[in-house]
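Novice: Sequence:
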Amino acid sequence: MKSSKEVIGTMIKSRRKERDFTQKQLADLLEVDRQYVWRLENGKVNFTMDYLDKVIFKLNCDQKDFIVIPIEI
Numbered sequence: 001m002k003s004s005k006e007v008i009g010t011m012i013k014s015r016r017k018e019r020d021f022t023q024k025q026l027a028d029l030l031e032v033d034r035q036y037v038w039r040l041e042n043g044k045v046n047f048t049m050d051y052l053d054k055v056i057f058k059l060n061c062d063q064k065d066f067i068v069i070p071i072e073i
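All residue numbers for the sequence shown refer to this note's numbering, where the first residue is 1 and numbers rise by one.
Do not rely on the hints blindly, as some may be mistaken.
Claimed, not checked - Below, simulated BS3-like cross-link-like pairs (lysine-lysine); rule was C-alpha separation at most 30 Å, straight line:
id	residue 1	residue 2
1	K5	K24
2	K58	K5
3	K64	K17
4	K13	K2
5	K13	K54
Claimed, not checked - Quick list of simulated restraints, FRET-style, between CB atoms:
id	residue 1	residue 2	range
6	M1	K24	14 to 22 Å
7	M1	N60	15 to 23 Å
8	E6	F57	30 to 38 Å
9	D62	D20	25 to 33 Å
10	M1	Q25	30 to 38 Å
Derived by calculation from the structure, the hints in this document are not laboratory data.
All C-beta atoms, glycine included, are put in the ideal place defined by N, C-alpha and C.
Generate the whole structure from the sequences, applying the supplied hints.
Specialist: Following this line, the structure appears as structure tokens:
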């Protein structure tokens with residue numbers, strides 16, 4: 001079974017590609033180097049939920065694209 005970091009990393013990579021961003025372009029938006037984006041996408045980085053919010057914002061996505069939110073919330 002994949003770790004949560006790997007699953008979220010795969011989702012970040014998928015959303016990045018949907019928006020036709022390169023790793024370098026996303027890295028520039030996040031103000032990190034391209035290697036960091038690679039490590040993020042491959043589940044090699046421990047990141048906070050605040051950082052995930054930043055990634056979601058920079059990819060112009062919604063939280064529901066990454067997190068299943070129950071209807072009652």
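Novice: Of all the hints numbered above, which does this structure not satisfy? Sort the numbers upward.
Specialist: The structure breaks hints 6, 7, 8, 9; every other hint is satisfied.
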